[in-house]
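**Student:** Below, each chain spelled out in residue letters.
Number of protein chains: 2
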Amino acid sequence: MRLYDYFRSSAAYRVRIALNFKGLTAERAFVHLRRDEQRDAGYLALNPQGFVPALVADEGTVLTQSLAIIEYLEETHPHPSLFPHGAAARARVRAIALEVACDIHPLNNLRVLKYLKDTLHVSDADKDIWYKHWVHEGLAALEIQLARDPATGTFCHGNAPSLADVVLVPQLANAHRFNVDVTPFPTLLRIEAACLALPAFALAEPSLQPDAE
Amino acid sequence: MRLYDYFRSSAAYRVRIALNFKGLTAERAFVHLRRDEQRDAGYLALNPQGFVPALVADEGTVLTQSLAIIEYLEETHPHPSLFPHGAAARARVRAIALEVACDIHPLNNLRVLKYLKDTLHVSDADKDIWYKHWVHEGLAALEIQLARDPATGTFCHGNAPSLADVVLVPQLANAHRFNVDVTPFPTLLRIEAACLALPAFALAEPSLQPDAE
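Chains as they are written, first to last, in my numbering: chain A, 88 to 300; chain B, 88 to 300.
Please keep in mind that the hints were generated in silico from the structure rather than gathered at the bench. A couple of the hints might just be wrong.
The list treats identical chains as interchangeable, and a pair is accepted whether it falls inside one copy or across any two copies.
To be verified - Result set (DSSO-like, lysine-lysine): computed pairs, CA atoms no more than 30 Å apart in a straight line:
#1 Lys201 / Lys214
#2 Lys204 / Lys214
#3 Lys219 / Lys201
#4 Lys219 / Lys204
Isolated chain A, as found in the complex (with noise of 0.2 Å):
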């Protein structure tokens, strides 16, 4: 397998964790989004979305959207599981999942944020400002419905880390990187802790990563 990467990619960050959790190893591309590599038309002929994480599977095939390629990762090597038992506990660790992935990355994302400063003229101030509140509305949401519900344990989901860890903690770094301030978040913030006690979350870090800058 060949994964095509960027080291302060939150999508490329969740497909990272999900090899190491499943102890599989790819080859690396890197492909620098801060250089426009992504809009390369080599890059593109790839992924016509001139997005990363793109992970070439071993007959050739690729696949694209990070959480597309952890459900494939989950299908072809099922053991360790990124999914609990059940379907109604499967919907809860995909909701999370989604709601992370649906509504907070893509509102904050580079492409968006170029958008905001260069066609509608947005102050810097105000686009921290924007930043900041999809990150805190998003979050906010998600530490009510994980602090009250049962299902919580150690991990977003009972007490062995699943898909909704995998996508929580690369958005938290985000979080951390932007000043978002976290404090209201105590269960997320203790989930994030429990997960990056773990090699397969730790060693997927940006800062750990060979085209880290």
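The hints should help you fit chain B onto chain A, whose structure is shown.
**Tutor:** Same frame as chain A, now just chain B:
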């Protein structure tokens, strides 16, 4: 089952299609987004995100996030299936769905358009350009991917509807409603027409819902 729904929510529209496709009926509860009913304390107690759809399963579990709900319906009612055979094929279907659900839809939903207008004081004209920009960018990438891939058939994947079509059709409905120029996307339009010829899709259209205005 009970579906919390709003006729114009494209995330709810996805779930309506999936329920129809699987021959399932759910009691309907309508949450009027333009009247901010999703911020009522009663609804927030059910879904702290304050979004539709939410599906209350027969055993009382509250499910949120349209894609997680549809995966749950697939697991609990596998026939007819909204997924093809084979892990790589399922990854392709999920990736197409996520391209819409993560990379187009979240940038253009009501709360974001409101923030642009009320907080950033973006003009109506610039808000319209924002909307069309993200729809166009997302659909253009999808058009390339679907047009060039022999896995595309009558529908996004082969000759049976899948999760990919379930997510694509409501996004195209939004594009039409906001007068996005869709002529550069003949493959998407061909697939949309094939879907809307099926009762499962056609009967889920916003204008046909009991709460339609």
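**Student:** The structure should be examined with respect to each hint, and the outcome stated for every one.
**Tutor:** Okay, the hints, checked on the actual structure:
1. Proximity of Lys201 to Lys214 under the C-alpha cut-off of 30 Å is found in both arrangements, the shortest distances being 10 Å within a copy and 16 Å between copies.
2. In this assembly of identical chains, Lys204 and Lys214 lie within 30 Å of each other by CA distance both inside one copy and across copies; the values are 7 Å within and 14 Å between.
3. For the homomeric pair Lys219 and Lys201, the shortest alpha-carbon distances inside one copy (16 Å) and between copies (16 Å) are both at most 30 Å.
4. Taking the shortest Cα distances, Lys219 and Lys204 sit within 30 Å of each other both inside one copy (16 Å) and across copies (17 Å).
Of the numbered hints stated above, none is contradicted by the structure.
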